[in-house]
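Residue numbers (my numbering), protein chains in the order written: chain F, 1 to 308; chain Z, 1 to 308.
Keep in mind that the hints were calculated from the coordinates and are not lab data. The reader is advised that the hints may include incorrect statements.
To be verified - Pulled a few chain Z residues facing chain F out of the computed Cβ check, cut under 8 Å: (1) Val82; (2) Ala157; (3) Gln275.
Stated by the list, open to error - With a Cα cut of at most 20 Å, we get these calculated SDA-like pairs of lysine to any residue: (4) Lys104(F) x Asn88(F); (5) Lys181(F) x Asn227(Z); (6) Lys285(Z) x Lys181(Z); (7) Lys181(F) x Arg226(Z); (8) Lys30(F) x Leu56(F); (9) Lys181(F) x Met274(Z); (10) Lys279(Z) x Pro75(F); (11) Lys287(F) x Tyr124(F); (12) Lys181(Z) x Gln267(F); (13) Lys202(Z) x Arg220(Z).
Stated by the list, open to error - Covered stretches of chain F, as calculated for chain Z (at least 3 residues, CB under 8 Å): (14) 162–168; (15) 230–243; (16) 253–264.
Glycine included, C-beta positions come from ideal geometry on N, C-alpha and C.
Protein chains: 2
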Amino acid sequence: MNKKYCIGIDLGGTNLKIAVLNHNCGILSKEILPTQSFPHKEALIEALVSSVRNKLISQEFGNKISGIGVGVPGPVDYIKGVVHYFPNIPGWKEVPLKKILEKKLGLPVAIDNDANVMSLAEYYHGAARGLRHVLCVTLGTGVGGGLILNGTLYRGAENAAGEIGHLPLNLEGPSCNCGGKACVEVYVGNHRILARARRIYKKDITLEELSVRANKGDRRARDIWRNAGIQLGTVFAGAVNLLNLDAIVIGGGMANAGEVLFKSIRQTITSRAMQVQAKRVRICKAKLGSNAGIIGAAILAAEATQRF
Amino acid sequence: MNKKYCIGIDLGGTNLKIAVLNHNCGILSKEILPTQSFPHKEALIEALVSSVRNKLISQEFGNKISGIGVGVPGPVDYIKGVVHYFPNIPGWKEVPLKKILEKKLGLPVAIDNDANVMSLAEYYHGAARGLRHVLCVTLGTGVGGGLILNGTLYRGAENAAGEIGHLPLNLEGPSCNCGGKACVEVYVGNHRILARARRIYKKDITLEELSVRANKGDRRARDIWRNAGIQLGTVFAGAVNLLNLDAIVIGGGMANAGEVLFKSIRQTITSRAMQVQAKRVRICKAKLGSNAGIIGAAILAAEATQRF
Numbered sequence: 001m002n003k004k005y006c007i008g009i010d011l012g013g014t015n016l017k018i019a020v021l022n023h024n025c026g027i028l029s030k031e032i033l034p035t036q037s038f039p040h041k042e043a044l045i046e047a048l049v050s051s052v053r054n055k056l057i058s059q060e061f062g063n064k065i066s067g068i069g070v071g072v073p074g075p076v077d078y079i080k081g082v083v084h085y086f087p088n089i090p091g092w093k094e095v096p097l098k099k100i101l102e103k104k105l106g107l108p109v110a111i112d113n114d115a116n117v118m119s120l121a122e123y124y125h126g127a128a129r130g131l132r133h134v135l136c137v138t139l140g141t142g143v144g145g146g147l148i149l150n151g152t153l154y155r156g157a158e159n160a161a162g163e164i165g166h167l168p169l170n171l172e173g174p175s176c177n178c179g180g181k182a183c184v185e186v187y188v189g190n191h192r193i194l195a196r197a198r199r200i201y202k203k204d205i206t207l208e209e210l211s212v213r214a215n216k217g218d219r220r221a222r223d224i225w226r227n228a229g230i231q232l233g234t235v236f237a238g239a240v241n242l243l244n245l246d247a248i249v250i251g252g253g254m255a256n257a258g259e260v261l262f263k264s265i266r267q268t269i270t271s272r273a274m275q276v277q278a279k280r281v282r283i284c285k286a287k288l289g290s291n292a293g294i295i296g297a298a299i300l301a302a303e304a305t306q307r308f
Numbered sequence: 001m002n003k004k005y006c007i008g009i010d011l012g013g014t015n016l017k018i019a020v021l022n023h024n025c026g027i028l029s030k031e032i033l034p035t036q037s038f039p040h041k042e043a044l045i046e047a048l049v050s051s052v053r054n055k056l057i058s059q060e061f062g063n064k065i066s067g068i069g070v071g072v073p074g075p076v077d078y079i080k081g082v083v084h085y086f087p088n089i090p091g092w093k094e095v096p097l098k099k100i101l102e103k104k105l106g107l108p109v110a111i112d113n114d115a116n117v118m119s120l121a122e123y124y125h126g127a128a129r130g131l132r133h134v135l136c137v138t139l140g141t142g143v144g145g146g147l148i149l150n151g152t153l154y155r156g157a158e159n160a161a162g163e164i165g166h167l168p169l170n171l172e173g174p175s176c177n178c179g180g181k182a183c184v185e186v187y188v189g190n191h192r193i194l195a196r197a198r199r200i201y202k203k204d205i206t207l208e209e210l211s212v213r214a215n216k217g218d219r220r221a222r223d224i225w226r227n228a229g230i231q232l233g234t235v236f237a238g239a240v241n242l243l244n245l246d247a248i249v250i251g252g253g254m255a256n257a258g259e260v261l262f263k264s265i266r267q268t269i270t271s272r273a274m275q276v277q278a279k280r281v282r283i284c285k286a287k288l289g290s291n292a293g294i295i296g297a298a299i300l301a302a303e304a305t306q307r308f
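Please construct the entire structure, taking both the sequences and the accompanying hints into account.
Okay, structure coming up:
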């Protein structure tokens, strides 16, 4: 029997999504559970296992599923399938998640961080389709990144590549959570943008509201996004000079700021990157939105079981 | 008959080097001509052709040579073998050098820029041997770079990858020759270092002298190199976070500044790069010195003719 489905799991700080996908990454079934509702690691793993088991015993998918992919919000030993830790979910430290899930579910499991998983999704089925050299960026609480080079996910020496958020924007500058300083993430992370908006509007304002205001022409909101675009564009120019990329694909909540942000990024790259590299690179919005995680996880599973 | 030799040509701003190498990149014969002694492009090509012809008709090498590799000091269309231009040798613009040489010499010719050629040499026979993810840097008039990723030379979308000298060191800063601003090359190129030395010592001083003074313990000379190391280390930290490299191999005239420069680079990377990436990366001096160009060119030829 030809096993042609994969299970894609997107374990995020907010939601745990579990889906069955066909070989074209079409979503056949999707379940969403709130991550915070599980009091500890064991409860979360148990919920995940029981959701997958339900799929495995169903008549519809049961014996057609060849493997399981999991995207997680933190650094991972990809080869061993060990979660090092999650910056935003307590209680996870050196967890052999692959081994645990394989033992409980009897199927091959592949695990990678969310930025790599999103990059796979956008490369096979989204904005980076058909390109060979792409940086995928998620703009959210932090600035995450994944690299497709020569048409494959580039992992580096220890699966830690892609950290575009931690390119220095300045020689000197504020400390970063990563231990370094003046990383671009310090300047354009969610919290910084919202703090800037709070100072300007003298009240709390959401990211969505700031985007809506900018798109309606509010000058002060546009200035905030334009400034973020210059800061991001500056480190992107460095990445473009170093890697001669076909495209930079940008997703995450902040990407909804829309044209004002993208235009500022593009202008900065045009004025700062070298001519050949600047002319080549396209700056575009990610296509798969909130499904990127489960789609990428299914691709991860398929690549690991070599069925695609 | 097994053709097992290659000709490696290093066309530099100062010297034109032409060598015959065996399949282990051992140098069997080497000729050095001063580049400036040729009044124009045609004369230089003619000298190069006649030197190669002498080797082709010699009894020793004649019919054993399988191909020719050329490293050049400027951007190249690697696929077509066209020199776009040389920043430091006038008169070269969109020159189909591969075609010209193949027609005149009757052997396959491969052409690439000097930084890529140096990277190949250090990867196969120098400091980067056995590693998979390496940035090779040349510190000279400019700051050049080549990337070995996943064990092969990474060229990017248009053979323009590797430009580590054009990562921005600051959001704002002085204009760079590349058209951008605040590139690290603006801060640590030869001329800047020498200008700084001139201001401090109130006289002209060579790079060699500055290195000798630093190695003898001259505090002011050491400060100059230490400062350059912090500036280089900052952009290297960004590259290390983005690419999770095994090593950064540093060559070129400035690399002779020695331990004071290397220590400063290492300390900066340790303090600014992310822990996993910083712990992994080694910072080492290039091994092949002035032979890197001809060795890399021979490898280029061998790769192109698939004989190694």
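Going through the hints against the structure:
{"no.": "1", "hint": "Val82", "verdict": "13 Å, violated"}
{"no.": "2", "hint": "Ala157", "verdict": "5 Å, holds"}
{"no.": "3", "hint": "Gln275", "verdict": "6 Å, holds"}
{"no.": "4", "hint": "Lys104(F) x Asn88(F)", "verdict": "26 Å, violated"}
{"no.": "5", "hint": "Lys181(F) x Asn227(Z)", "verdict": "17 Å, holds"}
{"no.": "6", "hint": "Lys285(Z) x Lys181(Z)", "verdict": "28 Å, violated"}
{"no.": "7", "hint": "Lys181(F) x Arg226(Z)", "verdict": "19 Å, holds"}
{"no.": "8", "hint": "Lys30(F) x Leu56(F)", "verdict": "14 Å, holds"}
{"no.": "9", "hint": "Lys181(F) x Met274(Z)", "verdict": "10 Å, holds"}
{"no.": "10", "hint": "Lys279(Z) x Pro75(F)", "verdict": "15 Å, holds"}
{"no.": "11", "hint": "Lys287(F) x Tyr124(F)", "verdict": "11 Å, holds"}
{"no.": "12", "hint": "Lys181(Z) x Gln267(F)", "verdict": "14 Å, holds"}
{"no.": "13", "hint": "Lys202(Z) x Arg220(Z)", "verdict": "12 Å, holds"}
{"no.": "14", "hint": "162–168", "verdict": "holds (count 6)"}
{"no.": "15", "hint": "230–243", "verdict": "holds (count 10)"}
{"no.": "16", "hint": "253–264", "verdict": "violated (count 0)"}
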